[in-house]
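Colleague: With the hints as extra help, turn the sequences into a complete structure.
As you go down the protein sequences, you meet chains A and B in turn.
First residue of the first sequence: 1, per full-length UniProt numbering; consecutive thereafter.
First residue of the second sequence: 1, per full-length UniProt numbering; consecutive thereafter.
Please note that a few of the clues may not be correct.
To be verified - Covered by chain B, per the in silico footprint, the following chain A stretches (three or more residues, Cβ under 8 Å):
id	region
1	22-36
2	171-177
Unchecked claim - Far from chain A, by Cβ distances over 10 Å, these chain B residues were calculated:
id	residue
3	A24
4	A47
5	T59
6	F68
7	G73
8	V96
9	A143
10	D144
11	A231
12	A233
13	E254
14	E255
15	A269
What the hints assert, rightly or not - The calculated label-pair distances, taken between Cβ atoms and stated as ranges, are:
id	chain 1	residue 1	chain 2	residue 2	range
16	A	S104	B	L211	45 to 55 Å
17	A	A251	B	L211	48 to 58 Å
18	B	G89	A	D250	48 to 58 Å
19	A	D28	B	E181	43 to 53 Å
20	A	A120	B	D83	56 to 66 Å
21	A	E76	B	D3	40 to 50 Å
22	B	R265	A	G103	18 to 28 Å
23	A	A120	B	A119	43 to 53 Å
24	A	G30	B	L203	33 to 43 Å
25	A	R182	B	A207	32 to 42 Å
No lab work stands behind these hints: they were computed from the structure.
Glycine is no exception: its CB is placed at the ideal position from the N, C-alpha and C atoms.
There are 2 protein chains.
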Amino acid sequence: MSDLKGLSLNTATTKRWTLAETVAGCVDAGIGGIGLWRDRVAEAGLANAARLVREAGLTVTSLCRGGFFAEPGAAEDNRRAVDEAAALGTDTLVLVCGGLPAGSRDLPAARRTVADGIAALAPYAEAHGVRLAIEPLHPMFCADRAVVSTLGQALDLAEAAGHGTGVCVDTYHVWWDPELERQIARAGAAGMLHAFQVCDWLLPLPADALLGRGHIGDGHIDIPRLARLVAEAGHRGWTEVEIFNQRIWDAPGEETVRTVVERHRTHLAGIG
Amino acid sequence: MSDLKGLSLNTATTKRWTLAETVAGCVDAGIGGIGLWRDRVAEAGLANAARLVREAGLTVTSLCRGGFFAEPGAAEDNRRAVDEAAALGTDTLVLVCGGLPAGSRDLPAARRTVADGIAALAPYAEAHGVRLAIEPLHPMFCADRAVVSTLGQALDLAEAAGHGTGVCVDTYHVWWDPELERQIARAGAAGMLHAFQVCDWLLPLPADALLGRGHIGDGHIDIPRLARLVAEAGHRGWTEVEIFNQRIWDAPGEETVRTVVERHRTHLAGIG
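Modeller: This is the structure we're talking about:
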């Protein structure tokens, strides 16, 4: 199974499975890493979730997600997310930072709120052994999900926050960026490349643009090239497969895991 | 009508109108500028179209569009677009540069093709008194419509091409960019801000993401702020309203023009 080295399955990819089912699916397939969403952890119960992954021998490659800094109660909820990451034994908390507040068009102000929120959270995370990984989202989500839109911007925020803060690079969100090579190299050189997530860009975009993601090789992104850039930048961590796609969610989990494994072998084995 | 100073209506906004109807609509509303799409010009016939706008006393603020450099016959078609711009009396040809070639995932190669195509076209345009205006499209169109995704990238291409080449800034495509202020200032300082188009960003995105644009004030973009940035950068040209939206296309043209005028008065009068 050495050709699956570095492969991690995010629970969002097998959305219909419980955490226990996804853990079992990883073990059966020889996948050594798992990325966890908090909703799935909450269903299982935090202590039980931590026990499940530990007893299965899986590495928890990230917890998704903290962020949404403009929401009421965000500071408290984000500290809770750090606590959960620590309890689950992962060193990486992915941050999806939130879009424009309802009714606002003030993008610079929204970006300041995010910068302040990350800066306030970073020392707490560091004290708990957790690295924050700021995830730039595709610019089409700027209004509603993340005002952090490029890797360069995420790195600026991470540098300002300090305390081990870094970034999460997701191929779907960053593949189009003319600055991508330079910013990936910058992230690697600064030791800030905390997480690498992969999925493909499908066309046409579905009615819910969140769900236009596909298995590696089914879309328009040269994912092996991006994986090589990340490896050349010094990333020796995991490659987490996170796919939001209704058709894939409707497929049996076993079939999805088989495809994930097959695509990793075909496109990514030997890189990094 | 001095509060409509600088307002231009793009024919794409009143899509169901013929060119003659849009020209009449502009005159009736006191709008002094018109942006032309080539399909509408072709329907009217080039010489007739030129006569229509000239006799109405309208300024043709741009011709849309050249570009799609990877298509067969692109070089010839783009020279024809320059000829048409000159015949119509406009100094600005907007370029939408095209996405990945069918079946290709090689984004760097696609971007080289675009750079080569612009560089080859620029001297021809200059010789005919036409300035090329490279339009960065929103990154969600990178695969299928334009591998030019940011204003900074468009300016790099324009600088490399020379011969008066500049950019077209469309609020819909660039509003999310963390580098926007800096790049608008750069464009202005270099005399490369050849065209400014406005429309708003609506959510949810429609099934056809091309059509998610709205009247100024109906969406999430702070368009007055962007208009001020453009004015501060020295843009003394036109503000062209170009909206792709099925609901607006289904409305009577007179109603659309009334709304365009009203929104310009409310949001943009006195800027620039």
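Colleague: Work down the list of hints and note, for each, if the structure agrees.
Modeller: Tested hints:
1. 22-36: Check failed, 0 qualifying residues.
2. 171-177: Three-residue rule met by the region 171-177 of chain A, so holds; n is 3.
3. A24: Given a closest Cβ separation of 34 Å, the condition holds.
4. A47: A47 (chain B) is indeed farther than 10 Å from all Cβ atoms of chain A, at 38 Å.
5. T59: 30 Å, holds
6. F68: 16 Å, holds
7. G73: 24 Å, holds
8. V96: 15 Å, holds
9. A143: 4 Å, violated
10. D144: Violated: least Cβ distance 6 Å, not greater than 10 Å.
11. A231: 18 Å, holds
12. A233: Holds: least Cβ distance 17 Å, greater than 10 Å.
13. E254: The claim stands: E254 (chain B) keeps its Cβ more than 10 Å from every Cβ of chain A (closest is about 28 Å).
14. E255: Check passes; 25 Å lies beyond 10 Å.
15. A269: 18 Å, holds
16. A:S104 - B:L211: 45 to 55 Å: 24 Å, violated
17. A:A251 - B:L211: 48 to 58 Å: 30 Å, violated
18. B:G89 - A:D250: 48 to 58 Å: Given a distance of about 56 Å, which is inside 48 to 58 Å, the answer is holds.
19. A:D28 - B:E181: 43 to 53 Å: Check passed, 52 Å falls within 43 to 53 Å.
20. A:A120 - B:D83: 56 to 66 Å: Roughly 59 Å apart at Cβ, these two residues keep to the hinted range, so it holds.
21. A:E76 - B:D3: 40 to 50 Å: 49 Å, holds
22. B:R265 - A:G103: 18 to 28 Å: About 23 Å separates the Cβ atoms of R265 (chain B) and G103 (chain A), which means 18 to 28 Å holds.
23. A:A120 - B:A119: 43 to 53 Å: Between A120 (chain A) and A119 (chain B), where Cβ atoms are some 48 Å apart, the hint holds.
24. A:G30 - B:L203: 33 to 43 Å: Holds, since G30 (chain A) and L203 (chain B) (Cβ atoms, about 41 Å apart) stay within the stated range.
25. A:R182 - B:A207: 32 to 42 Å: 35 Å, holds
The structure is inconsistent with the numbered hints 1, 9, 10, 16, 17, although it conforms to all the rest.
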